[in-house]
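Taking the hints as your guide, dock the two standalone chains into a single complex.
Those protein sequence lines, which keep their order, are chains D and R. Quick note on numbering: the first sequence equals residues 1 to 107 in this note's numbering. Quick note on numbering: the second sequence equals residues 1 to 296 in this note's numbering.
Simulated from the structure, these hints should not be mistaken for laboratory data. Among the hints, erroneous ones may be present.
[What the hints assert, rightly or not] Looking from chain D toward chain R, a few residues come up when the C-beta cut is under 8 Å (computed):
hint	residue
1	L22
2	I24
3	N31
4	L35
5	S38
6	S50
7	K57
8	L61
9	D101
10	I102
11	T105
Small disclaimer: the values here were computed from a predicted structure and weren't measured. Just so it is clear, CB atoms sit at the ideal spot from N, CA and C, and this is done for glycine as well.
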Amino acid sequence: MLKHFYSYHVEIDSLVLEIESLEIEDHEKKNLISLAESHVHHAVIDSILSSLKKEEKQEFLKLLNSKNQEKIWKFLRDKIKDVEEKIEKTASEVKNQLLKDITETKA
Amino acid sequence: MAQRDKHIYKELRDKWIKKHKDLQEAFWAKHGDIIHDFINNTRNFAVGSVSGLMILSSPAVGLLSPTSSLAVKEEKLPMERKVFLIGDLSNVLPQEVRELTEDEEKKVAEILIRDFGLKVSATLDGKRLNRSYGYIGAEQHLARYRGDTMATHFIPPAGGSDNFVKHYSSGMAPGLGAWGYFANSQNEMTEQDLLREKYYIAVQTFLAPGFYENVREYITFFKFRKMLVVNPHNGRAVVAIIGDAGPAEWTGKHLGGSPEVMKYLERVDGAQKGPVLYFFIDDPQDQVPLGPIDIK
Numbered sequence: 001m002l003k004h005f006y007s008y009h010v011e012i013d014s015l016v017l018e019i020e021s022l023e024i025e026d027h028e029k030k031n032l033i034s035l036a037e038s039h040v041h042h043a044v045i046d047s048i049l050s051s052l053k054k055e056e057k058q059e060f061l062k063l064l065n066s067k068n069q070e071k072i073w074k075f076l077r078d079k080i081k082d083v084e085e086k087i088e089k090t091a092s093e094v095k096n097q098l099l100k101d102i103t104e105t106k107a
Numbered sequence: 001m002a003q004r005d006k007h008i009y010k011e012l013r014d015k016w017i018k019k020h021k022d023l024q025e026a027f028w029a030k031h032g033d034i035i036h037d038f039i040n041n042t043r044n045f046a047v048g049s050v051s052g053l054m055i056l057s058s059p060a061v062g063l064l065s066p067t068s069s070l071a072v073k074e075e076k077l078p079m080e081r082k083v084f085l086i087g088d089l090s091n092v093l094p095q096e097v098r099e100l101t102e103d104e105e106k107k108v109a110e111i112l113i114r115d116f117g118l119k120v121s122a123t124l125d126g127k128r129l130n131r132s133y134g135y136i137g138a139e140q141h142l143a144r145y146r147g148d149t150m151a152t153h154f155i156p157p158a159g160g161s162d163n164f165v166k167h168y169s170s171g172m173a174p175g176l177g178a179w180g181y182f183a184n185s186q187n188e189m190t191e192q193d194l195l196r197e198k199y200y201i202a203v204q205t206f207l208a209p210g211f212y213e214n215v216r217e218y219i220t221f222f223k224f225r226k227m228l229v230v231n232p233h234n235g236r237a238v239v240a241i242i243g244d245a246g247p248a249e250w251t252g253k254h255l256g257g258s259p260e261v262m263k264y265l266e267r268v269d270g271a272q273k274g275p276v277l278y279f280f281i282d283d284p285q286d287q288v289p290l291g292p293i294d295i296k
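Excised from the complex, chain R in its bound form (with noise of 0.2 Å):
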């Protein structure tokens, strides 16, 4: 009975698709300037930040649904799509930073993966974090290889003079991260050696629901496993591995990020601190590149 009227749905459906498309064109090209001068300038707003912008999401966002036969396939300029992002992403998110309901991870997972085209999801392999949306705070550099200081991190290639600049201020961890070293000497280190240490994430692992009845399971599922770290706020997103165990409860922080991870999501430590997601990617045959992804 159902589908009686289902040639109705998809005439209208295209129609209005293509009527919301112009609509759309046409209000980007009136306010699209004033928009993107409000979104940069709330950049650093508190938790909720354009969560009231529902002109900035995409008729998409609910039609994200795998069964859903309707595919909003739109072309639009990188900034809009990062727009979009941002604005979909803002109608799901709490307005206070908490642990996500499963409705609401599996809604965030939907428009991440709609973005990034990676697979992911807050559960994999039946493993999960204590949470997926939290705090994160500073970290510092973690030593890659025994005898690795801040004079040795930054030679180049390894680090090149820019990254020196920009990041030599953050210092080196006192301890080793979760895993230990990253290589077993500066030169067996490898390009991916590199490349965990400089994106990577210290995640609660301890917290983990079910850590403590298999701990050594748990460390080999957490170990350097890959997941994509975004800030809600500007759509800055990474890829990250999981290389380090934090922070402490006490903190009020739910994770950590490495200089580098902070400095591409904009993100900073103290009182200015703000939330990213933070969802596991499945590559098992290890494709997706670590660093920051943009918008596909």
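Bound conformation, chain D alone (with noise of 0.2 Å):
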């Protein structure tokens, strides 16, 4: 499992569980992961971009690039109103969207 600054913030667990209870093969299993994972991340990423100004956005990136969560979130938390509500609000949309997916898939 793939870990950022704000898995903390971020279920997704459902959706990975819901995948693996399909019955394909575990290589399968590990692409399906590995897309949803990947969709969550740059909606969540994109959404805070989207929240902030030209130089801060490179503030930003600077700080996602050095991996210090503690400052990540000192920074968003100081920029972007109700920072964590927005990125899990983000995030859930899509892992919504993508349970919908598998369901309509199976159906």
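Quick look at the structure:
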């Protein structure tokens, strides 16, 4: 499982479990989980970057590169109102859409 | 039993790849400029540069297994492809510059094969170097034939005035390369000889596992062996040959690059030295041209 600075706030276990429950090969499950994680990640980072000013975006990328989660959160809380809720909401929307895809495909 | 939902996998896979592609395109349209600026500004960052930018990795990075039936084939802009290469490598490479594990080498090779279309590996014909990821230092020009000097080194068409300006200051190594001269004389020098000196690297052949047990066999193997050398921080890559042995262990460097190799990779010696990846190219028919190579 990929670990990101927002992992604590984003729960995708239910999505992973749903994929794991499919009767497909292990490498296929891994592929789908990888795609799902990447979906969530792109959406979360997009949401953050879209909420920052140009110079703040550079600073955020710099912090992201440093992997210093404490500094990342300090920066984000300072620049984006209710950033945790924002990230949770974004991730949740993506996760629900992907869960819906699984349900529809299984039907 | 595992095959029961096979159709579900294929449908989901195709649906999610399509969605992911759309997501990526929208993402890059919105934030591509700022990320490109960041990458350019972090080019000389310490080891592990951009390693935290998981955003740059393509979904294909974990799907590279030859056994995987999932092939993410997306047309990307050249810069974007390079950014993916940088991001994907940063996900595999360790923060510190150390010897890669077998698993890491395998993953790196998969990424390089995917992006450069060459058959590369850390081990070839059962032989390998002491490492495949290390600090590169600057080497000097090598004498290509008896009597070759800095004065003759850049005489057109062999070098050209542009190369003279760029690379004259590197100077000529006082001794010969590990394999001696590249050609018997100036008149006999071929285009291949010229390119071999131009794009050469020095590697620590003497530290290769098994080297001293079978010196002659190993020297024969290493002589002018083609390698793909990649700067993982900017995605620049060169096809070079092993033209010399070195550097000594005490230097703290693990390989050396000709002036042309260093220039293209945008690597420098000294305190600002940085790491590169160097993998063997399996090219028995000698079809891979030497010099800079772009992502396919």
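Hint check results:
1. Against a cut-off of 8 Å between C-beta atoms, the interface hint on L22/D holds, since the closest Cβ of chain R lies about 5 Å away.
2. The restraint placing I24/D at the interface with chain R holds, with a minimum CB-CB distance near 4 Å, inside the 8 Å limit.
3. Because the closest C-beta pair between N31/D and chain R is about 5 Å apart, less than 8 Å, the hint holds.
4. The criterion of a C-beta within 8 Å of any C-beta in chain R is met by L35/D, whose closest approach is roughly 5 Å, and the hint holds.
5. About 4 Å separates the beta-carbon of S38/D from the nearest beta-carbon of chain R, less than 8 Å, and the hint is met.
6. Satisfaction of the interface hint for S50/D is found here, the shortest Cβ-Cβ separation to chain R being roughly 7 Å, below the 8 Å cut-off.
7. Annotation: interface hint on K57/D holds; nearest CB of chain R at approximately 5 Å, less than 8 Å.
8. Against a cut-off of 8 Å between C-beta atoms, the interface hint on L61/D holds, since the closest Cβ of chain R lies about 5 Å away.
9. Proximity of D101/D to chain R holds as hinted, the smallest CB-CB distance being about 6 Å (cut-off 8 Å).
10. A cut of 8 Å between beta carbons decides the hint on I102/D: the least distance to chain R is about 7 Å, and the hint holds.
11. Here the hint on T105/D is kept, as its CB sits about 5 Å from the closest CB of chain R, short of 8 Å.
The structure meets every hint from the earlier list without exception.
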